[in-house]
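If you read the protein sequences in the order shown, they are chains D and C. The first sequence begins at 1 in our numbering and counts up one residue at a time. The second sequence begins at 1 in our numbering and counts up one residue at a time.
Watch out, some of these pointers could steer you wrong.
Said to hold, decoys possible - With the C-beta cut set under 7 Å, the calculated list includes, among others, these residues of chain D facing chain C:
1. PRO158
2. GLY162
3. VAL164
Unchecked claim - Residues from chain D that keep clear of chain C, each with C-beta distances beyond 12 Å, as calculated:
4. ALA59
5. ASP127
6. ARG133
7. ARG136
8. LYS137
9. ALA138
10. ARG143
11. THR156
12. GLU179
13. GLU242
Derived by calculation from the structure, the hints in this document are not laboratory data. Where a beta carbon is used, it is the ideal one built from N, C-alpha and C, also for glycine.
Number of protein chains: 2
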Amino acid sequence: MTSELNRFTAVLFDMDGVLYRGSRALPGVSEALAFLDARGVAYACCTNNATMTPAQYEAKLARMGIHMPASRIVTSSVATRRWLETQAPRGTGVFAIGMDGLRTALFDDGYFVEDEDHPAFVVVGMDFEVTYRRLRKACLLIRAGARFIGTNPDTTFPAEDGIVPGCGALLALLRVSTETEPFVIGKPGPTMFRAAIEILGADATRTLTIGDRLDTDIAGARAAGLASALVLTGVTTPEMLERSEIQPDFVFRDLVELREAWVRAG
Amino acid sequence: MTSELNRFTAVLFDMDGVLYRGSRALPGVSEALAFLDARGVAYACCTNNATMTPAQYEAKLARMGIHMPASRIVTSSVATRRWLETQAPRGTGVFAIGMDGLRTALFDDGYFVEDEDHPAFVVVGMDFEVTYRRLRKACLLIRAGARFIGTNPDTTFPAEDGIVPGCGALLALLRVSTETEPFVIGKPGPTMFRAAIEILGADATRTLTIGDRLDTDIAGARAAGLASALVLTGVTTPEMLERSEIQPDFVFRDLVELREAWVRAG
Numbered sequence: 001m002t003s004e005l006n007r008f009t010a011v012l013f014d015m016d017g018v019l020y021r022g023s024r025a026l027p028g029v030s031e032a033l034a035f036l037d038a039r040g041v042a043y044a045c046c047t048n049n050a051t052m053t054p055a056q057y058e059a060k061l062a063r064m065g066i067h068m069p070a071s072r073i074v075t076s077s078v079a080t081r082r083w084l085e086t087q088a089p090r091g092t093g094v095f096a097i098g099m100d101g102l103r104t105a106l107f108d109d110g111y112f113v114e115d116e117d118h119p120a121f122v123v124v125g126m127d128f129e130v131t132y133r134r135l136r137k138a139c140l141l142i143r144a145g146a147r148f149i150g151t152n153p154d155t156t157f158p159a160e161d162g163i164v165p166g167c168g169a170l171l172a173l174l175r176v177s178t179e180t181e182p183f184v185i186g187k188p189g190p191t192m193f194r195a196a197i198e199i200l201g202a203d204a205t206r207t208l209t210i211g212d213r214l215d216t217d218i219a220g221a222r223a224a225g226l227a228s229a230l231v232l233t234g235v236t237t238p239e240m241l242e243r244s245e246i247q248p249d250f251v252f253r254d255l256v257e258l259r260e261a262w263v264r265a266g
Numbered sequence: 001m002t003s004e005l006n007r008f009t010a011v012l013f014d015m016d017g018v019l020y021r022g023s024r025a026l027p028g029v030s031e032a033l034a035f036l037d038a039r040g041v042a043y044a045c046c047t048n049n050a051t052m053t054p055a056q057y058e059a060k061l062a063r064m065g066i067h068m069p070a071s072r073i074v075t076s077s078v079a080t081r082r083w084l085e086t087q088a089p090r091g092t093g094v095f096a097i098g099m100d101g102l103r104t105a106l107f108d109d110g111y112f113v114e115d116e117d118h119p120a121f122v123v124v125g126m127d128f129e130v131t132y133r134r135l136r137k138a139c140l141l142i143r144a145g146a147r148f149i150g151t152n153p154d155t156t157f158p159a160e161d162g163i164v165p166g167c168g169a170l171l172a173l174l175r176v177s178t179e180t181e182p183f184v185i186g187k188p189g190p191t192m193f194r195a196a197i198e199i200l201g202a203d204a205t206r207t208l209t210i211g212d213r214l215d216t217d218i219a220g221a222r223a224a225g226l227a228s229a230l231v232l233t234g235v236t237t238p239e240m241l242e243r244s245e246i247q248p249d250f251v252f253r254d255l256v257e258l259r260e261a262w263v264r265a266g
């Protein structure tokens, strides 16, 4: 029932396939954000991608004409950092495999310190430059008792030249060599959504997630106990939706249709 | 019944835990080999380790006083090369992740050629210098149709500083990122044992395998339809043997006891 849309006071957007595709904004994005602003609905973006910083994402979105402040961009690196802070005091040692997005989130303000010898946590995110030596080190540290954390479970991601290994593939290597399950922050787990709700100061029972993937966005929203809307501007086709056991609360062709339904809901 | 030992005309030894441990020969090795020579029993060594060449192994064994010609040392790299030869003609392109042991076996005589663009096979062995870039390349090539081969399934191996990721961990990364199962040559699969029997020109029904691990040596011998003897000089304790579903045909404390039993068998 789209008439229920007017009960939401916060929205969490997935990014790729919802706000843009490739390097182009999808239809109705700016209008949707302006509508939410006008209604006083808080919003943020959530992405499993751990490689870029929120500032880098803000710049990327701005190049497509989408205005989203870095403070509203919750990457799995940002969520990992926030979650770790609930687990360990300032000064705790962390060994990280990852890129700018993760390193900035973990280390830039000095709350956590890099520790290659006796870290409390080994945090693994996607790293295009990772080597066996570094994965070997992570294996030894996890076997020595460091807690094993993954930023996101994606086993692959699309690159210009094809489908390539993602963070989840690095986690698979370490899972079999350490015989330890990582705690994974990103979708379809609930932890990243919870971080975004905290950042917005939102009410989870009145928060709508909007995504294009059933197995991550919609399943993750359900795991976090959040309402969800699927848009068909990304990877999911109507046929995939029909066959799936994972069903969203709402389905819209795109953000144009979602905004129109919300306007009608009053 | 150890009286059956005298029916064997060939022996396949596992190496670490059977012939030596660390860098020291185990008791009775040279006497056992001399006994087999005197009886006219053919023998070879089989190891899942794909990193060293047979010549490097020959030198390593010689430093411990064990004389084993390189031609009788069947690594998983050697077995991989032999198996590939049954699958593809001279000049076939191969993309390899691996070290000296694998590269020498695959490329030194020019039967296979290195191909980073359109290889028929992607062969993955242990590589202490492997990088994400190379694993990414392997992922793209397997997804483009190259057949995915692993030298051995060991997810870990013991290093000086602890248990570290092995070939099977690299295979796990590629398995989840390609959604493809590798064909794996080493133990507990039967392919390496079959290669060793071919090299010896032996009769499989009269070949005894001798190993120290139930889950690789003994299980692999069974998969290849070979008789097996467990020695207790490696990782397996009598308690582990008692609890295991995998049972060898013979059990000996060490190669001294095995040789004595064989002498008594006449």
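Against the structure, the hints:
Evaluation of the PRO158 of chain D hint against chain C yields a violated restraint, the C-beta minimum of about 11 Å exceeding 7 Å. Because the beta carbon of GLY162 of chain D sits about 5 Å from the nearest beta carbon in chain C, less than 7 Å, this interface hint is met. Interface restraint check: VAL164 of chain D against chain C, minimum CB-CB distance 5 Å, threshold 7 Å, status holds. At the 12 Å boundary, the C-beta of ALA59 of chain D stays outside the reach of chain C, the nearest C-beta of that chain being 25 Å off.
Distance to chain C contradicts ASP127 of chain D as a non-interface residue, since its nearest Cβ pair spans about 7 Å, not more than 12 Å. Against the 12 Å criterion, ARG133 of chain D falls within the reach of chain C, whose nearest CB is about 8 Å from its own CB. Listed as outside the interface, ARG136 of chain D is inconsistent with that label: its C-beta sits roughly 5 Å from the nearest C-beta of chain C, within the 12 Å cut-off. A beta-carbon of chain C is positioned within 12 Å of the beta-carbon of LYS137 of chain D; the least distance is around 9 Å.
Listed as a non-interface residue, ALA138 of chain D fails to keep its Cβ farther than 12 Å from every Cβ of chain C; the least gap is roughly 9 Å. Non-interface status of ARG143 of chain D relative to chain C is broken: a Cβ of that chain comes within 12 Å, the nearest being about 6 Å off. Not every CB of chain C lies more than 12 Å from the CB of THR156 of chain D, the least distance being 5 Å, so the non-interface label is violated. In this structure GLU179 of chain D is not separated from chain C by more than 12 Å, as the shortest Cβ-Cβ distance comes to only about 8 Å.
With a least CB separation of 23 Å from chain C, GLU242 of chain D remains clear of the 12 Å interface cut-off, as annotated.
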